[in-house]
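Participant: So the chains spell out like this:
Protein chains: 2
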Amino acid sequence: MYQLRKYHGDRVQSLTYDDGKLAFSIGIIAPGEYEFGSIKKEIFTVTHGEISAWYEGGAWTIASQGKGFEVPGHKNFKLKVEQVSAYICYYE
Amino acid sequence: MYQLRKYHGDRVQSLTYDDGKLAFSIGIIAPGEYEFGSIKKEIFTVTHGEISAWYEGGAWTIASQGKGFEVPGHKNFKLKVEQVSAYICYYE
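Protein chains in written order, with the working numbering: chain A, 18 to 109; chain B, 18 to 109.
Hints should not be assumed to be uniformly reliable.
All copies of an identical chain are treated as equivalent in the list; a pair is satisfied when it fits inside any one copy or across any two copies.
25 Å max Cα-Cα, derived SDA-like pairs, lysine to any residue [stated by the list, open to error]:
1) K95 / I60
2) K38 / Y108
3) K23 / G49
4) K38 / W71
5) K38 / H25
6) K23 / Y107
7) K92 / I60
8) K84 / T62
9) K38 / A80
10) K38 / P48
11) K92 / I56
12) K92 / F53
13) K84 / I60
14) K97 / L39
15) K97 / M18
16) K38 / W77
17) K23 / A40
18) K38 / A76
No lab work stands behind these hints, which were simulated from the structure alone.
Nothing here was measured: the structure is a model prediction, and the numbers come from that model.
Produce the entire structure from the sequences given, and follow the hints as far as they go.
Facilitator: Here it is as structure tokens:
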């Protein structure tokens, strides 16, 4: 039901909940720039700090607490934070 | 810097970030009612779902997404959710 994932030397960590009906992740990003790959569409809302995001074919956007951004499925994407930040992410 | 904590048969899990200057936790609560103990004052904001909260000496309150509640330090407290919910929590 829960899964902890660690990325990029443990600097990005996420906790995913999936009960078969609802799946979402919450995560924390230490300062830095990190590359990921999406499988499904990912819908992020920033819950602490400020996150800059980019995906292949798109432009960099920046979202502060309470705001968000989306990453289409099957894309390489980057997240960048200057100060530690947190998010919640839903999958479609 | 990061610490995963599991409570109550793993049904409540939290990921804490602490760099010595800033400390906060993000967590997910599966349906149920759970008891905890605070050390510092804990300031919660609900990031998914709805959380009912109670601490010794207080009354039950309920907070939906974007809203929050506080638990004083050194208190037993309870969190209750009917559907899976998530939060971010700061310590003072």
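Participant: Run every hint past the structure and note whether it holds.
Facilitator: Going through the hints against the structure:
1. With identical chains, the CA atoms of K95 and I60 are at most 25 Å apart within one copy only, with a shortest distance of 14 Å there and 31 Å across copies.
2. In this assembly of identical chains, K38 and Y108 lie within 25 Å of each other by CA distance solely inside one copy; the values are 11 Å within and 32 Å between copies.
3. Proximity of K23 to G49 under the C-alpha cut-off of 25 Å is restricted to the intra-copy arrangement: shortest distance 15 Å within a copy versus 27 Å between copies.
4. Taking the closest pair of Cα atoms, K38 and W71 never come within 25 Å of each other, the shortest separation being 29 Å inside a single copy and 29 Å across copies.
5. In the homo-oligomer, the alpha carbons of K38 and H25 lie at most 25 Å apart only across protomers (22 Å), although the nearest pairing inside one protomer, at 29 Å, exceeds that limit.
6. Proximity of K23 and Y107 under a CA criterion of 25 Å is satisfied in both settings, with 18 Å inside one chain copy and 22 Å between copies.
7. Only within a single protomer do K92 and I60 lie at most 25 Å apart by alpha-carbon distance; the minimum there is 13 Å, versus 36 Å between protomers.
8. Taking the shortest alpha-carbon separations for K84 and T62, both the intra-copy value of 6 Å and the inter-copy value of 15 Å come in at or below 25 Å.
9. Within a single copy, K38 and A80 get their C-alpha atoms only as close as 28 Å, which misses the 25 Å cut-off; across copies the closest is 23 Å, which meets it.
10. Taking CA atoms no more than 25 Å apart as the test, K38 paired with P48 passes between copies only; the shortest distance there is 14 Å, against 33 Å inside one copy.
11. Within a single copy, K92 and I56 get their C-alpha atoms as close as 7 Å, which meets the 25 Å cut-off; across copies the closest is 43 Å, which misses it.
12. With identical chains, the CA atoms of K92 and F53 are at most 25 Å apart within one copy only, with a shortest distance of 8 Å there and 41 Å across copies.
13. Taking identical chains as interchangeable, the C-alpha atoms of K84 and I60 lie at most 25 Å apart whether they share a chain (11 Å) or sit on different chains (21 Å).
14. For the identical chains of this complex, K97 and L39 are inter-copy neighbours only, at 19 Å across copies versus 27 Å inside a copy, given an alpha-carbon limit of 25 Å.
15. Only between protomers do K97 and M18 lie at most 25 Å apart by alpha-carbon distance; the minimum there is 18 Å, versus 28 Å within a single protomer.
16. Proximity of K38 to W77 under the C-alpha cut-off of 25 Å is found in neither arrangement, the shortest distances being 32 Å within a copy and 29 Å between copies.
17. Within a single copy, K23 and A40 get their C-alpha atoms as close as 18 Å, and across copies as close as 19 Å, so both meet the 25 Å cut-off.
18. In this assembly of identical chains, the alpha carbons of K38 and A76 never lie at most 25 Å apart, being 32 Å within a copy and 33 Å across copies at closest.
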